[in-house]
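Engineer: Chains as they are written, first to last, in our numbering: chain P, 11 to 339; chain G, 39 to 336; chain F, 3 to 390; chain E, 79 to 594.
Heads up, a few of these hints could be off.
Here are the computed distance ranges between Cβ atoms for each label pair [stated by the list, open to error]: (1) F:Ile232 with E:Glu528: 32 to 42 Å; (2) G:Ala125 with F:Ser217: 53 to 63 Å; (3) P:Tyr309 with F:Ala98: 31 to 41 Å; (4) F:Ala174 with G:Pro202: 32 to 42 Å.
Within a straight-line C-alpha distance of at most 25 Å, the following computed BS3-like cross-link-like pairs (lysine-lysine) qualify [to be verified]: (5) E:Lys202 with P:Lys326; (6) E:Lys202 with E:Lys233; (7) E:Lys405 with E:Lys456; (8) E:Lys203 with E:Lys233; (9) F:Lys278 with E:Lys203; (10) P:Lys326 with F:Lys155; (11) E:Lys286 with F:Lys278; (12) F:Lys334 with G:Lys333; (13) G:Lys256 with G:Lys222; (14) F:Lys334 with E:Lys390; (15) P:Lys326 with P:Lys13; (16) P:Lys326 with P:Lys275; (17) G:Lys308 with G:Lys322; (18) G:Lys233 with G:Lys222; (19) P:Lys275 with E:Lys233; (20) G:Lys333 with G:Lys256; (21) E:Lys194 with E:Lys286; (22) P:Lys15 with P:Lys275; (23) F:Lys278 with E:Lys233; (24) F:Lys278 with F:Lys334; (25) P:Lys275 with E:Lys203.
Over the 10 Å line for every Cβ pair with chain P, so calculated as not near, a few chain E residues [said to hold, decoys possible]: (26) Asp137; (27) Ser158; (28) Gln160; (29) Lys163; (30) His171; (31) Glu178; (32) Glu184; (33) Ala231; (34) Ile269; (35) Val308; (36) Phe336; (37) Ser359; (38) Gln517; (39) Gly572.
I should point out that these hints are in silico values taken from the structure, not numbers from a laboratory. Remember, it's a predicted structure, so these values are computed and weren't measured experimentally. Glycine included, each C-beta is placed from N, C-alpha and C at the ideal position.
The residues making up each chain are set out below.
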Amino acid sequence: MDKFKSFFLEQPIWAFLIAITVFFSLFAPNFFDIQNFENILIQASTLGIIALGMTLVMINGNIDLSVGAILAFCAVVMVDAQSWPIFAQLGDWAILGAFFMAILAGMALGGLNGFLVWKTGVNAFIVTLGAMIGIRGLVFVYTQEQSLFAMNFLFSDIGMSSVPLGPLAVPTIAILFLVLVALVHLLLTRTVHGRNTFAVGGNPEAAVNAGIRVGPHMFVNYLILGGLTGLAGVTLSSQMGAATPNLGRDYELWVITGVVLGGTKLAGGYGSILRSFAGILSIAILRNGMNMMQVQAFYVYVILGGILIAVLILDKQLSSRKVRLSEQV
Amino acid sequence: QEDEVITIGITQNNVGIDSYQTTYEQAFIEAANNNPEVEAIVLDAQGDVEKQINQMRDLIQQDVDAIIIWPTQGKAVVPVVRQAERAGIPVIVTNSQIAEEGQQFIASFSGPDNITQGIYSAEIMCDRFTEMGIEDEAVIVQIAGMPGYTTAIERAQGFEERLPEVCPNVELIETQPGDWNREKSQTVMETFLTKYDDIDGVYSGDDNMGVGALNAAKAAGRADEIIFVGATNFAVGYEAMGRGEYWGSIYQSPVEDARNALRTAVAVVKGEDVPKSNYFDTPKITQENMDQYTKPVF
Amino acid sequence: MPSSDDSSGELTSGTRRAAAQPPRASGPPEAGPDPVHQQSQEALHEAEEAVVAGGIGARFRALLGLDSPDFSWTKVLAKQGILLAFVIAMVGFSLASDRFLSFDNFSSVLRQSSIIGIMALGVTIVVISGNLDLSVGSMLSFATILVVDLHDKIGPAPAMAVALVAALACGAINGTLVGVLRLNSLIVTLGMLSAIQGFTLIYSGGQNADITNQSDTWFAFFGRGEIAGIAVPILLFLGLAIILEWVLHGTTFGRRIFAIGSKASAAEYSGINRVKTVFFSYLISAFCVWCAAVVMGSRVMGSQNTVGKGYELLVLAAIIVGGASLLGGSGKISKTVIGVLLLGFIQNGLLLLGFSYWTQWLVTWVVIIVAVWLDVGARRGRLLSPYA
Amino acid sequence: MIQPAEPSKTPVLSVEGVSKSFPGVKALDGVSFEVRPGEVMALVGENGAGKSTLMKVIDGIYQPEEGSVSIGGETVALQSPQDAKRRGIAMIHQELSLVEDLSVAENLFLGELPRKSLGRVDWKKLYADSRRLLDRLNCQFSPRALIRNLTVAHKQLVEIARALVYETRVVIFDEPTTSLTDRERLLLFEIIRDLRSQGVGIVYISHKMDEIFELSDRITVLRDGTPQGVLETAETDEDSVVERMIGRKVSHAARTDFRSGEDVVLQVSDLWSRGAFREVSFELRSGEILGFYGLIGSGRTEILEAIFGLRKCYRGEIRVAGERLDKHNPEEAIARGIALIPEDRKENGLALSLACDRNLGMTVMNQWGNLAHPSREKRLFEEYREKLSIKAPGPSYPVDNLSGGNQQKVVIGKWLATEPRILLVDEPTRGIDVGSKAQIHQLLRDLAAEGYAIIVVSSEMPEIIRVSDRVLSLYEGRIVSELVGEEISEESVGRAITGVGELASTAHDSNTSPES
Ligand SMILES: Nc1ncnc2c1ncn2[C@@H]1O[C@H](COP(=O)(O)OP(=O)(O)OP(=O)(O)O)[C@@H](O)[C@H]1O
Ligand SMILES: Nc1ncnc2c1ncn2[C@@H]1O[C@H](COP(=O)(O)OP(=O)(O)OP(=O)(O)O)[C@@H](O)[C@H]1O
Ligand SMILES: [Mg+2]
Ligand SMILES: [Mg+2]
């Protein structure tokens, strides 16, 4: 019982997740349904895949505001590259070629952010705020304002496909998302790079003194975030079979919100992939549940904003309560 | 039972960004409430394609009888429209068309024709120049809608294609986006006025931006020499026409748009024969014929 | 007295450090090794004083740091980099476009920048106190809709009053959440960004608002009026800038803002009321947004529910280009003004040159990074970060 | 004292003519320095003399502009601390350099975590190696514990254990005892002697002369970045070392001037605060210095914070000149003439990025009304530069650039500027050199003579003894003894703590409920 209590005190996001799930199950018709949960997973996947990388970058003590723009760029590359002449004779395999180009583009842009953070020492917020504006410009230069459509329906079929797992047909994207959650979780908790991520964010000076190359380390995490954002661009564009230059506007805000809901400290040094996952899932459930309950759009803004602040207050209350508990003489 | 309610889900583009969309929503809800056969689920994608796709999925999940979609993006929603079609739910596209490739999956399109609107605007502009006798020398600028959105792109496309056909000597010297935002459009127009000593006409993607451009020209004391033509006649545009400051626009009623969409959807569900493209009329409106139209409510 | 050059390696008498050093008149920039930190700093200080006593030329050189004994170009860049960038941009655009350098164009750019500018002034104060305010964009939409919508219903003055109360209420909520409850300002104001947008839509029902009789309302004065040939928005912007500069540097409130931004806990230990100060900083930010909303409503004579969307980022970009640290404790109203104008003139210049709008985004990207890089690079004495 | 093993003559570490500059400062100027295996080489010098900088050069954090570093007779160009570590140089930094949210084991091997395939951490090896290291230092805590949950002393032990990860030839201690209690300090000395007997060369930096003489074999003196010679510890004495360091003598006249104080200005009765202290009652009179002595964590800082309104108390009351404090915030405390000079200068004392005059004005500002007075700030600066002999070039100079001692003086100045009657001083000389320390002690005595009522909290027994007129000893958040005037001595104070300590610790164990 005590263990239970302290678990939820320490990780209130799980309690929140359960609370809203119960709430919508009771009050939103069609919410409590296996297929709807699959839907929610797909709906969470775009923000979620980015959030995995964002968690790493934020534990590093950095941030990335440009993920929405990078997402758009990668989605555009993914769709456009399928019709590049070099992939022309590949047939359906052009999709694979384009896939690599999209991931590469994501890593290049993420890497550029990381490189600037590393070499210039300019605050990551500023570097990526600039990139957020500039990369969106790149997207428009590339697309000339037009949306792009994938001629090959196979591409969107992949995005919409399911994998039979026992009696269930689980959407491929949902599986991919869950696998990535597991992988990045292992990366963060089990590998040297992952452990160093905490060191770099928690005490950069100590990390430097211990011989961790802080700059390149941050760079690598931006690279990972870029790659994951690229992947999110791929999955998103494959759900649409298309890409639009305005894709991903405001995504940075929601990704960061999800990660912070999950308890990752903006100052760095503390955070967890599983909880970021819970944070993003909470956002997806809120949106899905409100759709199911037909909450009017105007109120959705207020509710989401209010919940964000409420969770922050709750977290504060709980953590101060925790301190008081442990301080008891 | 025969008279069972028809559930219709609608996912709109971006309610609240302008009065048109808001009025549309209100009109739609009203029409649905007035129709005892219909139960409506009204959603709004807030301009975000992914959100719209998710809302489509949620509607499919709820197994509604028909889905009306106001595409945030004509191409990106095709696969999910296809998914709905495969789930046996007819999809009615409203207001702005989806891409060619998606045509096969929709039951019907209901709405105005944005390309035609662009064409009409070009014709209004050209006719006016001809009247004034400056059709061979006029130079114009364009203030387009939010970059990357279908409506903005189609209107610009219709205008830019039609203009050289009717007035080959009128020159479109520059296009900049006004983001559907009157203040932004005003700022863009101010710069145009600084940059060009001679501007004879301004085409803007809607009246809201057109009035912004008009504001700028008035402040610069150059409103008299410029012909303003817009699209989607707003109340402000209608009034400015009444004052003789603004030349013409395209009359498009969101109420009609909404009712048309609902009518089409109900017809589809009932298995009636519905044309694939169910355009409603969006006539030209200018200072000359404006008294035939009532002032828009938005 | 030993001169600084030959004393370095020697074991000298203990009085050396305690004794005052002779002021070094105006040595060449790199006058040999200087073993004692204080010494060069004292000399610097003396030099500063000497220069202040001198004429305009000397003052100017002092401003640029040309007279200091350890003069270097990096220092000049650090202190006045943004001014330099501004001058370069102005000269560049003047050469490239003959329309650029004119009174009309300048006043139109100033007028256009004034809305962002007025908002940036308030947010600068929030940023100096070590917080962020991302809700200003939504707040602008809210206040503009209110003032425009109520203008016809209850008259301009009451409309302005109601909008002011609404804006201050939003500011008070921010201030309570960040100041009293000590929540993270980034997330709080992000939440408020969303919530206020919702309130705006609920209030207006999603409809645009317009002022019917545009020609004879004195409300037009704020956005369209002129005093002595200068547009009122510009006067408001510069007037507010002067007032807030004074607030920051001439009042104890300003001192508290800097103290809290520099080190909040030290400020609290010094008896500075952090709650009150942070709360007021958000009220000031909200007040500035209200001013901007009045200008906006009066300039456009109408409003949409999303007029302010994305403005929070433009505001932040201008402040950052102006050199305020997002960590708090540093920043200047005057530099924010230059940051605003720099971005405004870049937008204007690129438009005049006929570039596509996205060019402006690319240029903004480069400007933000280069400006801040030079700033931090010069402050730490080398361009590359220590993590290299 | 243990007799050191006869040190071999070839130095394990030697530095030749090293120079290093920072913008505007030449931190090191042609410094030579050596350490032999099996000896403790002390490094002393004023604040800002360049000690830490020299060590950072040896540790590979800084690269020298001139000169060379050789290890075991071989000249090396160290590029990073890691480099240094591999060559047998280990450094224990002045400030704790640990990652709070990682485990002890991960901190021990930070930057060196044992790998398996795919970059995975080899946890088994990590924990086994860590256990072995911790055992060498007799540490009881688990290598899996989070650093966040350790006490300061245990954190320090982790730092030391970290130095032993490699086959270490030289261990550098940069002011290791600033946050240790006496008991922990003794443990540390044992460890150092143990290392020395294993033939490891030790560099020991400290401002505490008693430690230097207790521990070292030789002493290198540094002043203003230049070496002032090497002394054999056995052949020199404190005074001559200090003279070499600061260029003048510091006198330690025996205390005779105990004062008993006059009117009661501060009355604390039966004060309780959750998790910090309980049943605290005492009186403070004007003109006396009351010393609080106790182990780290005994709640002294918290008592001062409570009086100053920074900490909530759930029982008891505080009266100033007979009147109750009831708002419990610093503003009220300041208005009633209380000043708190906090323990952590960088965290709570100063706004480092602001100028000296702004820092000085911070506390008095509340009395100025709404307008700032730059000229008054400048006058404050001139006044306290004079009074406290602060070495700062001008009022607009950022405090960040001042040396530690001068920063401390600015903190003291900013509190004296409020013209308080009651001065609460928490660890006034932590990390401050002998010269400045004597000045600060003298200053406190002078202030008391002027009629200030002062409470001094210190973990340094000599300091408490040198300044206090009365000493209260604390243990586990309770006052356990009071010593007045002549009663105060090393023995009596020490006894008060240890004697009661053992008694109380058994009582405490049974008190502690499992809920915490
Ligand atoms: N990173 C740095 N940048 C600029 N100046 C520095 C830097 N580090 C040290 N200094 C300066 O170099 C000089 C030597 O500093 P150092 O830290 O070595 O002194 P120290 O002897 O360790 O003093 P303390 O006893 O206070 O620790 C000081 O004047 C200090 O201000
Ligand atoms: N039970 C404990 N668990 C973990 N850390 C503790 C505990 N008790 C004390 N500490 C640590 O010891 C430090 C000093 O504690 P505190 O401020 O209460 O002591 P103090 O009596 O003021 O001693 P000093 O002034 O010498 O630090 C605190 O920062 C705290 O982190
Ligand atoms: Mg040091
Ligand atoms: Mg303490």
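Engineer: With 10 Å as the threshold, tell me whether Ser158 of chain E passes as away from chain P on beta-carbon distances.
Structural biologist: violated (6 Å)
Engineer: Measure nothing beyond the straight line between the CA atoms of Lys333 of chain G and Lys256 of chain G; if it is 25 Å or shorter, mark the hint as holding.
Structural biologist: holds (23 Å)
Engineer: CA of Lys202 of chain E to CA of Lys326 of chain P, is that 25 Å or under?
Structural biologist: Outside the cut-off at roughly 36 Å; violated.
Engineer: Between the alpha carbons of Lys278 of chain F and Lys334 of chain F, is the straight-line distance 25 Å or under?
Structural biologist: Within the cut-off at roughly 22 Å; holds.
Engineer: Is the nearest CB of chain P more than 10 Å from the CB of Ile269 of chain E?
Structural biologist: holds (21 Å)
Engineer: Has the hinted range 53 to 63 Å been met by the Cβ atoms of Ala125 of chain G and Ser217 of chain F?
Structural biologist: At 56 Å between Cβs, range holds.
Engineer: When you check the alpha-carbon spacing of Lys256 of chain G and Lys222 of chain G, does it fall within 25 Å?
Structural biologist: Holds, because 16 Å separates the two Cα atoms, which is no more than 25 Å.
Engineer: Take a quick look at Glu178 of chain E and tell me if its Cβ sits farther than 10 Å from every Cβ on chain P, holds or violated.
Structural biologist: violated (6 Å)
Engineer: Taking the closest pair, is the beta carbon of Ala231 of chain E still more than 10 Å from chain P?
Structural biologist: Check passes; 18 Å lies beyond 10 Å.
Engineer: Looking only at beta-carbon atoms, does the pair Tyr309 of chain P, Ala98 of chain F fall within the given range of 31 to 41 Å?
Structural biologist: At roughly 50 Å between Cβ atoms, Ala98 of chain F and Tyr309 of chain P fall outside 31 to 41 Å, so the hint is violated.
Engineer: Measure nothing beyond the straight line between the CA atoms of Lys286 of chain E and Lys278 of chain F; if it is 25 Å or shorter, mark the hint as holding.
Structural biologist: violated (43 Å)
Engineer: Are the Cα positions of Lys275 of chain P and Lys233 of chain E separated by 25 Å at most?
Structural biologist: Answer holds: Lys275 of chain P to Lys233 of chain E is near 23 Å, not above 25 Å.
The earlier numbered hints that this structure contradicts are 1, 3, 4, 5, 7, 9, 10, 11, 12, 14, 17, 21, 23, 25, 26, 27, 28, 29, 30, 31 and 32.
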